[in-house]
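Take the sequence shown: its position 285, counted from the start at 1, is 285 in our numbering, and no numbers get skipped.
To be clear, the hints were calculated from the coordinates, so they are not data collected in a lab. The beta-carbon is built from N, C-alpha and C at its ideal position, and this holds for glycine as well. Check the hints yourself; a few may be wrong.
Said to hold, decoys possible - Just the calculated beta-carbon pair ranges, DEER-fashion:
id, residue 1, residue 2, range
1, 308, 330, 39 to 45 Å
2, 140, 50, 45 to 51 Å
3, 200, 147, 17 to 23 Å
To be verified - No more than 20 Å apart at the CA atoms, straight line, and that leaves these computed lysine to any residue pairs for SDA-like:
id, residue 1, residue 2
4, 74, 91
5, 283, 40
6, 247, 323
7, 184, 31
8, 283, 300
9, 184, 314
10, 122, 92
11, 343, 247
12, 247, 315
13, 271, 70
14, 70, 40
15, 296, 267
16, 261, 31
17, 343, 186
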Amino acid sequence: MKKIMLSILAIILVFSALTGCSSSSKEVLYIFNWGDFIDMDLVRDFEKEYGIKVIYDEYDTNESMYARLKAGGKYDLIFPSDYMIAKLISEDMLEEIDFNNIPNYKYIMDNFKNMNFDPENKYSVPYVWGTLGILYNTEKVQGNVDSWSVVFDPANKNQVFMIDSMRDTLAVALNYLGYSINSKNEQELEEAKRLLIKQRSEVNPVYVNDEGKDMIMEGQAVFFVTWSGEAMQVISEDPRFHYIVPKEGSNLFIDNMAIPKGARNKENAEKFINYMLRPDVAKANIEYIGYSTPHKAAWEGLDTETKNNPILYLSDEVIKKAEIFIDLGPFLDVYSRVWREIKNQ
């Protein structure tokens with residue numbers, strides 16, 4: 001009888017452990033986001049409010065995020081840019097979002113819906129938008145800065161940071177040469193490659209990511225090719241700095257929330273998306289990260305100075321010259337080859 005009772009007890013314990021693991025797995029959310037791209041206090045508030053543990057990881061480029069997913073990385077929520085959304089959709093790597101679980105989607109501005117990268121609004125929810133430009137120290141620059149030319153000028157040797165991102169860096173060179181940042185012309189890509197290789201020998205730029213913000217404030221460079229939100233974080237701490245979108249044009253990007261195919265905790269991801277779209281949360285988050293918001297209620301809650309900030313909310317003239325990245329399809333292999341050849345110099 002003792003043996004029978006012990007066997008029954010063992011079965012009960014195993015069953016309890018299994019059901020406990022199953023239950024706890026439903027109360028976890030695996031997030032993969034850009035570095036320094038969310039107010040972590042809001043994440044902690046979400047955990048307390050919903051009883052869901054957030055496991056948080058970071059990436060520095062769309063391409064590194066994509067590579068992690070292709071290698072089998074399991075996440076419930078990611079934050080891809082426009083062209084990467086299109087690529088992930090084309091490769092059947094995203095779940096369709098159940099918008100019945102996201103009533104706060106009503107706050108997204110209409111001009112950020114039905115975008116060409118997700119025309120039926122099935123797979124993504126706009127998170128923030130911004131531009132690529134030049135952050136620079138006004139105390140160390142003479143004259144007007146309005147062109148990409150400053151980052152290719154040998155006079156600025158050892159004073160330039162470039163963002164360590166393939167599409168963004170090649171966009172700088174393509175724009176400067178008068179070409180589209182979505183060029184599929186191999187000759188144009190070769191010209192961009194030669195320009196960036198020449199820059200490496202004559203200007204000696206340093207390729208950086210998030211660390212560039214602290215480094216430029218420490219005086220390690222004068223110019224930093226970076227995104228508008230990163231620039232605003234620096235400017236808010238140090239008024240010596242200014243940011244411009246060069247006259248040749250630039251990239252206007254939209255970063256989004258999306259759910260990878262096979263996500264283990266899809267409902268929790270949708271709860272988080274809806275939470276991030278709650279007006280008070282969306283406003284607090286956009287004020288923290290310093291980008292531009294596609295959220296109507298959050299924008300309405302901003303102070304007048306922020307609403308009128310030309311770095312965040314651009315003039316029609318600047319927007320007309322800006323391009324949104326598109327998915328290049330198989331031609332991306334040409335960009336990848338060119339990028340390797342630049343970085344190997």
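Of all the hints given earlier, name the ones this structure violates by number, lowest first.
Checked against the structure, the hints that fail are numbers 7, 9, 11, 13, 14, 15, while the rest are satisfied.
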